[in-house]
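J.: Protein chains in written order, with this note's numbering: chain A, 340 to 576; chain B, 340 to 576.
Some clues are possibly wrong.
Here are some chain A residues pointing at chain B (derived, C-beta under 10 Å) [what the hints assert, rightly or not]:
| id | residue |
| --- | --- |
| 1 | 346 |
| 2 | 365 |
| 3 | 432 |
FRET-style restraints, in silico, Cβ to Cβ [said to hold, decoys possible]:
| id | chain 1 | residue 1 | chain 2 | residue 2 | range |
| --- | --- | --- | --- | --- | --- |
| 4 | B | 343 | A | 341 | 40 to 46 Å |
| 5 | B | 450 | A | 370 | 37 to 43 Å |
| 6 | A | 551 | B | 536 | 39 to 45 Å |
| 7 | B | 449 | A | 441 | 50 to 56 Å |
Keep in mind that the hints were calculated from the coordinates and are not lab data.
Since the model is a prediction, treat every value here as computed from it, not as a measurement.
Using N, Cα and C, we set each Cβ at its ideal position, and we do this for glycine too.
Protein chains: 2
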Amino acid sequence: MVREHLAEMVDQGLVTPTGLISHGRGEAFDYLMGERTIPPALEAERAAAAFLLRAKKPIVCVNGNSIALEPKGLIALAKCIPAKMEVNIFHRTEERMRMLIEYMESQGADGILGRDPDARIPNLTSDRALCTKEGIFDSDVIVVPIEDGDRAEALIAMGKIVISIDLNPLSRTSKVASVPISDEISRAVENIARFVGELRGKDDEIDSIIKHFSAVRTRRDTIGYICDSLMSEFKEN
Amino acid sequence: MVREHLAEMVDQGLVTPTGLISHGRGEAFDYLMGERTIPPALEAERAAAAFLLRAKKPIVCVNGNSIALEPKGLIALAKCIPAKMEVNIFHRTEERMRMLIEYMESQGADGILGRDPDARIPNLTSDRALCTKEGIFDSDVIVVPIEDGDRAEALIAMGKIVISIDLNPLSRTSKVASVPISDEISRAVENIARFVGELRGKDDEIDSIIKHFSAVRTRRDTIGYICDSLMSEFKEN
């Protein structure tokens, strides 16, 4: 069902054909994790909520695949923090930007940024670098679902807290992210939003979560979990 | 480059959009194996050559993705055995069958089967069951690159030796195959063709390879290899 929906989004011009391949790579990792949120991902989602509540200028960044997969969940997450939203895409055309923004507005988004970029992410070539000053450029904590590695690195180099949602725990994005979440986007944004609600106002707990979170440990636990599940079929024999 | 080529093949109608997602899933496993032929895959490729040399009616079965990815290698493999070739696709239309067969002919294939099916694979619903009697139906050893699980199971139920080429060692196809090869299609067909050349006429060696090959061991070794490589990043710490 998700696959047919994405194929339709390609016909409409919102998702690129190479975006479908990238989705398939994610599917493989989701499959290895049993298509559910595994404990290290849940811990990272709770940490993401803590960082977002502590942020001065939080933002949720969206692209073609994330908009096609979970527009309403992303909007709900941005509203509950509250955070700004900005569209940023790898294969940029003005037409595609317009369509993506209009699609998000049709799903309930207000004031979504990205159509009129007035800043650039340093150290990043191509149109991926284009962003708005009031949005991505000035943000301190940024959620990047399904991000490419170059851009994730460039955002880290700007000193931002980068929260990635990327099913592949070995991707460059996951490796550089401040909070790497290896979970399917719909489950991830729903969990983060729930933790935002639970943690709001609990400053000591937020401090403690931020202090004890480790991106390396999260990734190691995620990969360990995948290996255990891979080998389980043979351990029974 | 492969991704752009596949996207173009979608525009031409040879590959389906969901075929791109399926390619992405394979890419993830290729990545986990370091994008090279790992030892258990090489052993399976050698066994595949032995089974193909021993076959009375060998056939190489091709679909949209395999034709888009490696037409020449598949044709070279079929010619060197020699084996028949037949096109069989999941999303069948007469137009798409015609295009795929003409594309294979433009790449050098002769007498490729599939346009005029006169038999059905038992226990398989939908047009995937359509095949030719002289080709897939009567074959004893069948190479199926990038096959769906239902069809692989139905071919096994017919008593055939099924050689699968599927990067995912956990897929249903890999689990049911007589010879599951977890390798990228271009590398796999090149390796099998080389082993066919090396083993031809060496009957004792062919017998020994067939006798000692184990599909379960191959899959367990493949998965073990993937886990070791997944964990290696953390073992250094």
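J.: Hint by hint, note whether the structure agrees.
T.: Going through the hints against the structure:
1. 346: Holds, about 4 Å.
2. 365: Since the shortest Cβ distance to chain B is 8 Å, the answer is holds.
3. 432: violated, 16 Å
4. B:343 <-> A:341: 40 to 46 Å: violated, 24 Å
5. B:450 <-> A:370: 37 to 43 Å: About 38 Å separates the Cβ atoms of residue 450 of chain B and residue 370 of chain A, which means 37 to 43 Å holds.
6. A:551 <-> B:536: 39 to 45 Å: violated, 59 Å
7. B:449 <-> A:441: 50 to 56 Å: holds, 52 Å
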